[in-house]
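Construct the entire structure; sequences and hints are all you get.
Chains as they are written, first to last, in the working numbering: chain A, 1 to 276; chain B, 1001 to 1298.
Honestly, the hints are just simulated from the structure, not real lab data.
Do not rely on the hints blindly, as some may be mistaken.
Listed next, the in silico SDA-like pairs over lysine to any residue satisfying Cα-Cα at most 25 Å (straight line) [what the hints assert, rightly or not]: (1) B/Lys1089 - B/Pro1070; (2) B/Lys1088 - B/Ser1167; (3) B/Lys1088 - B/Asn1063; (4) B/Lys1089 - A/Leu19; (5) B/Lys1088 - A/Pro166; (6) B/Lys1088 - B/His1246; (7) B/Lys1089 - A/Pro120; (8) B/Lys1089 - A/Ser268; (9) B/Lys1088 - A/Leu169; (10) B/Lys1088 - A/Phe212; (11) B/Lys1088 - B/Phe1075; (12) B/Lys1089 - B/Thr1240; (13) B/Lys1089 - B/Ala1031; (14) B/Lys1089 - A/Ile119; (15) B/Lys1088 - B/Thr1067; (16) B/Lys1088 - A/Pro120; (17) B/Lys1089 - A/Leu118; (18) B/Lys1089 - B/His1260; (19) B/Lys1088 - B/Phe1279; (20) B/Lys1088 - B/Met1292; (21) B/Lys1088 - B/Thr1098; (22) B/Lys1089 - B/Ser1266; (23) B/Lys1089 - B/Val1102; (24) B/Lys1088 - A/Leu118.
Here are the in silico distance ranges between beta carbons for each label pair [said to hold, decoys possible]: (25) A/Leu169 - B/Pro1230: 35 to 43 Å; (26) B/His1246 - A/Pro68: 31 to 39 Å; (27) B/Pro1085 - A/Pro160: 41 to 49 Å; (28) B/Ser1233 - A/Thr235: 38 to 46 Å; (29) B/Leu1065 - A/Leu109: 34 to 42 Å; (30) B/Thr1162 - A/Pro55: 56 to 64 Å; (31) A/Leu257 - B/Val1020: 51 to 59 Å.
In this text, a Cβ means the ideal position worked out from N, Cα and C, and glycines have one as well.
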Amino acid sequence: MKASSRFSKALQATPGHLLLVMLSFVAIFPLYWMFITALRAPNEVFSDIPWPQNPDFSNFRRLLSEIPFARMMTNTFVVSVASTILQVATAVLAAYSFARWESPVSRWLYALLTLTWLIPAQVVMMPNFILVSQLGLLDTLTALILPHAASAFAIMLLYPGFRAFPRELIEAAIIDGAGPWRILFYVMLPNMRAAIASLSILVFISIWNEYFWPLLVTRRIENSVIQIGLQMFFTSEGTMWGPLMSAASLASLPILLIYLVLQRQIVSSFVRSGLR
Amino acid sequence: MALLDQAATSHLSPRQQVLVRLRRFDSNVLARWLCLLPAFLTLFVWVYWPLAESFRLSFYEWNMLPTVAPEWVGFDNYLRLLQLPEMKKAAWNTVLYTFGLVPLTVGLPLVVALAARGVGERAGAIYRALIFIPMIIAPVVVAIVWRWLLSPDHGIINEVITSLGFSPIRFLQDRNTALWAILFITGWKLLGFSTLVIAAAMTSIDPALFEAARLEGASASQVALHIIIPLISPVLLLLTMLTILHGAQWSFVYINVLTHGGPLQSTTNLYFLLYDYGFSNFAVGWSTAAGMISFAIY
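Now the structure itself:
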């Protein structure tokens, strides 16, 4: 490429770089500010200087003495993992059935499924809440996990992948005498690992970050997930900015660490779900 | 598939063939419906049935106590709700939230994605990793962090504003700015995601089209307007639809954590009202009726 056209290409890309730098700044700055506030000494919390001058962990110590953070982390972890496993399992089964055996009935059922995606949580929250309380499951992790056992979104994400699976492989397996379960577990699933991993990441993150349902169902802070514990801490100690920012930092740390390792996968999972 | 079955079993006697066929048919039929069972059972318990139950409850007045029976009031809940000034404000705000979000979730990302076309691989990867981060941060964390940033007393944003000589803006406490502040926060979270989705859609456009346009002497903006946007319009449409359907819901967290619908009802929307009626006032009938109204709007 000639030097002049290389230069003109770079020039053309400049507005792009500019916008992206600004966007990156807008995206990252709030979180950066959160972290450095968390690390500031208590008397410097209101400082304007963009780095912590004498970083210390007193905010974190203060926070951990006020709320049962470790317990909340464990709760969140248990709920997220259990929900993810259940939701992915039911989605795999349902997507398999829809993809392999099409009929007017299955198409109608699929349409019914997509309808649930439109229903806002606030419309169904009351009967769900009443049901949970009648079952004596208020304030339990079970109540947080059960409604997530299946989701239309998960099924809709897996369905195209199952549908696109080469029919010849299925038919070859049938000739070999394989039954429907064998075909699912030994023929199709091993090839769907990417899609399933992708879905698992999306589900895990969305349940980890979930706010509304835990808000309704949790009563005491020891039984809460981090997001609700965080809010409880915020409403009771709203102006202790130092410890508050420590809480926020700690709450984000697990997901950020996962992001550090799996960033490519996570971004592409989210983006592909949007491109569907 | 019937043909294949025939080929596979042709070595058996006709009676055996029928038996094998039946057995396979049975296990297939069983599998097919068994596979759908867990998902639909869950959805039935947590979505379909509650939807019907919400509908039913909207005709009663009840305070959720198991000792008190619901009282039939017919359409009373609906009538009273529609007359409440709160409701009108909430409905109008819902419209604002919904359509006000679109520039942030579709408009701005489109502009950035278009401008970012020339950016190289390595820089692009770094930007991608950075701008996506708000999307994975928990909404509660986002709410708390922005509360800190926008604080009129010591928030860094107001510190910058006052250092420039202006008086501090009470973003979340002033009823003229509160809704827009929440709108901004909601949009902030989604900016990176939308930009990346649009950018990804653009990469799937056949480069030959760009070549042809370049040979025809088309300017960059012409290329953008007549080639890129029409070709990625499905994605733009999807993002717009997502925003319209879920936009007001997305803001719920921020409203509940930061303003509780205030100041003076300026940030409330239908979803928040639903929650408020249900759990602050324990007015089950009102809450479900409001829910039905917003559902009907869909």
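| request: Against the structure, test the hints numbered earlier, and report the numbers of the ones violated in rising order. | output: The structure breaks hints 1, 2, 4, 5, 8, 9, 13, 15 and 30; every other hint is satisfied.
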